[in-house]
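Participant: Chains as they are written, first to last, in UniProt numbering: chain A, 1 to 434; chain B, 1 to 543.
Keep in mind that a hint or two might mislead.
What the hints assert, rightly or not - Below, simulated DMTMM-like cross-link-like pairs (lysine to aspartate or glutamate); rule was C-alpha separation at most 20 Å, straight line:
no. : chain 1 : residue 1 : chain 2 : residue 2
1   : B       : Lys59     : B       : Asp87
2   : B       : Lys59     : A       : Glu369
3   : B       : Lys176    : B       : Glu339
4   : B       : Lys9      : A       : Glu369
5   : A       : Lys187    : A       : Glu220
6   : B       : Lys59     : A       : Glu364
7   : B       : Lys59     : A       : Asp300
Hint data in this document are derived by calculation from the structure and do not stem from the laboratory.
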Amino acid sequence: MTESSIWDQVLDYSHRPNPYPLYQEMRKTPVSQLPDGAYLVSTYAEIVSLLHDPRVSSDLSNNPHALAMAAEAAGVRGAEESIEAAAAAEAEGDGEVEGEGGRPMSKTFLLMDPPDHDRMRRLAMRHFGPPNSPRRIADLEPKMLQLVTDLIDAMEGKERIDFVEDLAYPFPVSVICELLGVPDEDKARFRVWVDMALQSTDPSLDPETQKARGEEAGKELNAFMSELVAAHQENPGTDMLSAMATDDGPEGRMTTEELVSVGLLLLIAGHETTVNLISNGALTLLRHPEVLQRLRDDPDLAIPMVEELLRYEPPVHFVPFRTALADIEVAGTTIPEGSAITLVLGAGNRDPGHVSDPDNFVPERENNEHLGFGGGIHMCFGAPLARLEAQVALTEMARRLQNPRLVTDPPPYRISPILRGPLHLEMDIDGIRP
Amino acid sequence: MRLVVDLTKCQGYAQCAFLAPDVFSIQGDEALVYDPNPSEEQRRRVLRAAAACPVQAIKLDRVDRAAVPPVPGEPPEEEGSGDGSQDAFMQTGRIVIVGASLAGLRAAEKLREEGFSGSLTLVGDEPHEPYDRPPLSKQVPAGVVAPEHTDLPRQREIDADWKLGVAATGLDLQGKQVRLADGTALDFDKLLISTGVRARPWPNPEEAALKGVLTLRTREDGARLQELLAARPRRVLVIGAGFIGSEIASVCVELGLDVTVAEAGPAPLGAALGGVVGAIAGEIQKENGVDLRCGVRVTALEGDASGQLCRVRLSDGTTLEVDVAVAALGVIRNVDWLEDSGLACGPWGVACDAGCRVIDANGLVTDDIFVAGDVARAPQPMFGYQFLAIEHWGNVVTQAEVAAHNMVNGQAGRWPHLAVPKFWSVQFGHEIKSVGVPSVADEVVITQGSVAQRRFLAVYGYKGRIVAAVAFNQNKWVEFYEPLIERAAPFPPPLALVDEPTHADPVPAGFQAMASPTQDATVVVTGHDPGERRATLNRTPLR
Chain A
1 MTESSIWDQV
11 LDYSHRPNPY
21 PLYQEMRKTP
31 VSQLPDGAYL
41 VSTYAEIVSL
51 LHDPRVSSDL
61 SNNPHALAMA
71 AEAAGVRGAE
81 ESIEAAAAAE
91 AEGDGEVEGE
101 GGRPMSKTFL
111 LMDPPDHDRM
121 RRLAMRHFGP
131 PNSPRRIADL
141 EPKMLQLVTD
151 LIDAMEGKER
161 IDFVEDLAYP
171 FPVSVICELL
181 GVPDEDKARF
191 RVWVDMALQS
201 TDPSLDPETQ
211 KARGEEAGKE
221 LNAFMSELVA
231 AHQENPGTDM
241 LSAMATDDGP
251 EGRMTTEELV
261 SVGLLLLIAG
271 HETTVNLISN
281 GALTLLRHPE
291 VLQRLRDDPD
301 LAIPMVEELL
311 RYEPPVHFVP
321 FRTALADIEV
331 AGTTIPEGSA
341 ITLVLGAGNR
351 DPGHVSDPDN
361 FVPERENNEH
371 LGFGGGIHMC
381 FGAPLARLEA
391 QVALTEMARR
401 LQNPRLVTDP
411 PPYRISPILR
421 GPLHLEMDID
431 GIRP
Chain B
1 MRLVVDLTKC
11 QGYAQCAFLA
21 PDVFSIQGDE
31 ALVYDPNPSE
41 EQRRRVLRAA
51 AACPVQAIKL
61 DRVDRAAVPP
71 VPGEPPEEEG
81 SGDGSQDAFM
91 QTGRIVIVGA
101 SLAGLRAAEK
111 LREEGFSGSL
121 TLVGDEPHEP
131 YDRPPLSKQV
141 PAGVVAPEHT
151 DLPRQREIDA
161 DWKLGVAATG
171 LDLQGKQVRL
181 ADGTALDFDK
191 LLISTGVRAR
201 PWPNPEEAAL
211 KGVLTLRTRE
221 DGARLQELLA
231 ARPRRVLVIG
241 AGFIGSEIAS
251 VCVELGLDVT
261 VAEAGPAPLG
271 AALGGVVGAI
281 AGEIQKENGV
291 DLRCGVRVTA
301 LEGDASGQLC
311 RVRLSDGTTL
321 EVDVAVAALG
331 VIRNVDWLED
341 SGLACGPWGV
351 ACDAGCRVID
361 ANGLVTDDIF
371 VAGDVARAPQ
381 PMFGYQFLAI
391 EHWGNVVTQA
401 EVAAHNMVNG
411 QAGRWPHLAV
421 PKFWSVQFGH
431 EIKSVGVPSV
441 ADEVVITQGS
451 VAQRRFLAVY
461 GYKGRIVAAV
471 AFNQNKWVEF
481 YEPLIERAAP
491 FPPPLALVDE
501 PTHADPVPAG
511 FQAMASPTQD
521 ATVVVTGHDP
531 GERRATLNRT
541 PLR
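Here chain B stands alone, though its shape is the one from the complex:
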């Protein structure tokens, strides 16, 4: 059976680990790890675990169950119904989803749930059906889960036409067609873009091609890393101490491998959590035996005669003998195929409104092109309407659901995507949970628990308002901070809480100044009459 745990919901109650101890286990205080593909023998125990989850975070494959309503479901009550064209679209419309991962799958399920019974096509450039990526930096490299055992469970049958292993290569907005790499084209009435991101490769192609050098994004990457680590390398170099890099370092420690982390910034997780909390994450790495080097760049990866990586040079002047180097340098958004489409897209993603409707190059909202997931860049009303691309699992799910809903509902019935961003990470036996957007903050304060014990809550503020909270092994309190972020409650919060620390003064959060992508203006405007004026994306680099 297949399962996935929505760890953005999980609060570490461990009911699943009690009831199905062969499938679910707890690391440290409350970090849950699980087998996404347990054997049939575990079936009853898994059912018990899923039913017992206090926050209903365990999702099982349900396609073979009789209880699943037939496809399509009952069409929902449509406000202002009587719109014949809308009815016809629901029956016989054509929806194409480009990107067959978490966002694409969840959107497809939601479309059927909402009663869309027309034709549904899912296009994916990978040859696999949708799989879950978080295990690729955790259970998979640790060798406890096979990479092919990470298929996402199906909440319902979606009756889709799958085009897997075929990339989309272009979009004809006028002709309402998606062009595919196999030379064919798909007509659509409505399109969902969910092409996600890919790993940013090591910039030197020759060095990147050495055996033992890899990035981590796909199932194949996960399989390769698992294999490389199982061969017991002398030392592993992780380049970049973001979440992926830190999780890989954690797995290396778990496997008893020597690992060096080279981070150009002052602290691990600094871009996501800031320098103050990042420094704590850095202490955790060091006390777990990671050779963490901050403010250090990798200057060269060197191979032996057979093309196998054997040595790396660092900007601190040292040389390390390593067999494996993982470039964890962040991501590139998969927008290349949209280059000439006339949509507002670029390195920052595909811009959309809060309802996931894509914005074109003129800044106009389209009505039949939607976007969801890591590739989407949407205004966040909670944070001054900044356009943010959020690469979190939970955001992908909620955004896909909103996009799907809006694709099959008229103006009056549309939803804004206003979910507070959340993410989690499991590293070195610690559960890190974040709610809100820490990176927009200017200050941070510890409100509960003890940093020394690695059990604490950090609350982030921006100009006197709470914008985020990050918990280390304090999962069950996170829920309290979410409405404070939604209501822009004053920062620092007045403290009269259980388990207050003795020192609770806000300090600068320690984020590095980040250039906004909008600073690189890449649009030129042409024409004079209102009907002629057009904005065009300028692909020529400005400098």
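Okay, chain A solo, but in the shape it has when bound:
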């Protein structure tokens, strides 16, 4: 099988439930070139080295070809379907093109290189975590538990639940809304646009309609965040958006445009990936009922188990749209200057050259160094939040759902090969424990 045919199959929706045999095939050639000129990197050590390689740029303006692909991906897949694509969609062409309403949009730090990346990330991090706000995430734990408890309480009386609809989706959305200071009543509005954006990936619709829905969703989300930012600037609370809107750190205050783009990035990336982490985790537990039982008996098992889930069933499978600023030799192949690079994290995570017994789910695996959150300067901003959410959600699932059984295996998957996870996860339960 050629690299391009393997890659085509990875992208093909029919392989969404289990891309891992394709990844195994792909790893036989650690660095391969696709017909469109882009390079795929699929083995652990090579991915890690490129994540730390200053010759690899995340700034799409260094690569017109990748920029075009990103714009297309954003248009076709919809704003929520990939973090990178989402950021590209927000940026509406990376600042080269005017944003919605004729206003130039600033891109997010996801698609920036240092020093701009570092400055923007520090500006956002000031209000999210250490060194300036070290307790914000750890202190959310009781609130997280309350949110999960309420969602599980609401399952009372049901014999069949959809774990995605009933918990894995609403929980992270509530957490990120709590964190950013999005009012409860706006959650429903927000969902409308996410659904609309999802239609942009519906293959049963014609491409024109898909594109229109995606653009409309992007426009609405932008307008929504602009409104929200304005409200927080006028009436600040204790949430993160208020802090970002009003704080004057040593590096100054974010502009309104920056606030809108960072706000949207956090809102979207802050839950879309976590939904997958939690639902992939629930699915894996249902496939391993003995682990589910062990987690019930020992909630601390959730701590290493979530790391193993991030390795075994990561929520983000690729990092696309990186660009080589120079000729880069990787595993005997030279990636020429200007080439687009896609790092296949999902393949690297199961590289037998890095981890023993990679295709087995070993919840207590020690020294688990994985690519679940990427690495280097772009490592997932929200990683600690996602970890804690997954630990709380899956521990409570194990503790409270009585005898959960998977209805369909594999469940229906979401469209995206990048942000991979079940669209629905129906399970039958015998009841809810107090």
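We have chain A; now place chain B onto it with these hints.
Facilitator: For chain B alone, kept in the frame of chain A given last:
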């Protein structure tokens, strides 16, 4: 619970500081500080932090955990096995480790891990079980960690016979015995020397004996410094601006104490980082309020009637009123006990091959005497096979592991110690990370970031090859430079990097010419026939 963070691995992702904010915190952009002995209440949060570390740098005490495999572990597959004597050694052999600190402990753990189930004795001249030293110049003097809370965590039970508070006084190579200060002797089949170094004292013994004058190496030193700083001295004098001296100055600033640093060389950290990067470190000290005086020697420490330090005189003609003076003048290798052993040892350390096998005075490799840690002086194939003693935490760990492995494996299964040296320092809220050996360089170039913002990478070259990289608050890029050093990539590196500085021309690195210890030939050769010829170390000073 006890923990240690391998800061040579840490890249400042801060996952631990998010998840256990009472135990781990970040200073500045990415400098991690932590409590090595958090309370049991923090247990779950610490477990979360350790699991979440992207580079798995947090090591917890694991001896009480059921998951730890029983001692001894499964013996590894031995190449060319069937060697009965090797099998017997693994079962009933006697290994003595002299030096019960990081290297000794890590080697002991590794020996058990590799299946050695014979008798294991650890000898240490300090009365404590192995403890971690980096906090002694950081968290301990700052008063945030108690000196006795720095015990190293145990990765596994090692089932050793501990001889603590007893120094080794001699080695009988022929009789395979280590003599101890209590008059007893230990028989061994294989020996690991990991006696480390001690602080170089202030050269004038009377002045060194004044109250308020100290060096910093041991837990007791750390406790004393913590106490002295807590008493709010009028001014602290730090003599020597190497890493220890600079870190102490940083702690003084953190505590709001007036501090003067007297450095004989042209810049702080000059011996390790060279004059160019050292000058930047000097600017950082000054902008943090340190009274930094380079090119200045301390000519006298003066006490009052009670023997308390009260005044110092400097070679720039000034006098300072100070209550505390810390001599941070580097180290002396603990080789005195090996003086008559016939091993190749001296002020430069104990010489060994790349597999940690000690070399005797004739230059012959011994087969059952090994050395690891600060006292070891090993050839570095990456740097022209120079014999270098490297006093870095990470080097101690990797060298101890290689030594232990080689002690229990035959010729074909041995490992060379080829780890690229790395070190870190936390000072004035900045994280300094080094990979390679900057001090062998002749040139340096800034490749990424901004010196003005104190976020940059400096790459060091020697004769057109990259030999080291030093990062100030740019931790996550350091990994990129390591393979360039390993492969002796051309210097200066071709620049097409993110965040390139506008000016990126190599300049002389600014290291002071250093006399190689081998220039002081201290060996005389005797005998005529091949079987008679012997080299003997000559202890008489040549000049």
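Participant: Determine for every hint whether it applies to the structure shown.
Facilitator: Hints versus structure:
| no. | hint | result |
| --- | --- | --- |
| 1 | B/Lys59 <-> B/Asp87 | violated, 32 Å |
| 2 | B/Lys59 <-> A/Glu369 | holds, 14 Å |
| 3 | B/Lys176 <-> B/Glu339 | holds, 16 Å |
| 4 | B/Lys9 <-> A/Glu369 | holds, 12 Å |
| 5 | A/Lys187 <-> A/Glu220 | holds, 14 Å |
| 6 | B/Lys59 <-> A/Glu364 | holds, 16 Å |
| 7 | B/Lys59 <-> A/Asp300 | holds, 18 Å |
Hint compliance for this structure: hint 1 alone is broken.
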